[in-house]
Amino acid sequence: AQTVTQSQPEMSVQEAETVTLSCTYDTSENNYYLFWYKQPPSRQMILVIRQEAYKQQNATENRFSVNFQKAAKSFSLKISDSQLGDTAMYFCAFPGSSNTGKLIFGQGTTLQVKP
Amino acid sequence: GAVVSQHPSWVICKSGTSVKIECRSLDFQATTMFWYRQFPKQSLMLMATSNEGSKATYEQGVEKDKFLINHASLTLSTLTVTSAHPEDSSFYICSATLGTGVGTEAFFGQGTRLTVV
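Sequences listed follow chains Y and D, in order. Numbering-wise (my numbering), the first sequence opens with residue 1 and increments by one. Numbering-wise (my numbering), the second sequence opens with residue 1 and increments by one.
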């Protein structure tokens, strides 16, 4: 069975600093994507970044980047130059089955950016 | 980007009544729609997968007769919580996908907060 684990329930970071959120997963599939979603206080789910397992290069979207270690099944999210608007709950997600958009979410990490 | 709209955003209903939540893809035809449930400060748990014109596929442990899903068109899926009880109070979120394939992006509605009193 596919599982996604986030071991950091809560984290905090000072504004303008860098923070890394951890995620590990388990799967027997070889070709897949991994996602990080953000859920701010409005509770709207927002896609932050995604990584294709076949790509060795880590994905980057502006201040957000990932450290993807396929062999270790690790997929961490790094937020650089943290901003107050980054305060949210962050979920790592893995497709429950290929080709459908169904997602299995980790437990989530609540990130507080402090001024 | 693709927009998914849920209605209502919040609803309060009396115990024993039924409530319907709508999920619409506004600017695309959704291949598949999904319904999730989220308790406060917890993760999203998939309830069911919905395809237009066919019966929904429910996850293990989700009562089919309690949570009725109708996917009448490529842009509309509805979740009806029947004979609601206080323990059904939760945040319900739908998502929709455009197309299929590895890496298919899911677009989320804004969620519906259900309170059963």
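Think of the hints as simulated: they come from the structure by calculation, not from any bench. Incorrect hints may have been included.
[Claimed, not checked] Lysine-lysine pairs mimicking BS3-like chemistry, simulated, CA-CA at most 25 angstroms apart:
#1 D/K20 with D/K64
#2 Y/K78 with D/K20
#3 D/K41 with Y/K114
[Stated by the list, open to error] So, partial list: chain D residues that the calculated Cβ filter (under 7 angstroms) puts toward chain Y:
#4 S9
#5 T104
#6 A106
Everything numeric in this text was worked out from a predicted model, so none of it was measured. For every residue, glycine included, the Cβ atom is placed at its ideal position computed from N, Cα and C.
Those earlier numbered hints the structure runs against, lowest number first: Numbers 2 and 4 - these are the hints that the structure violates, sorted from lowest upward.
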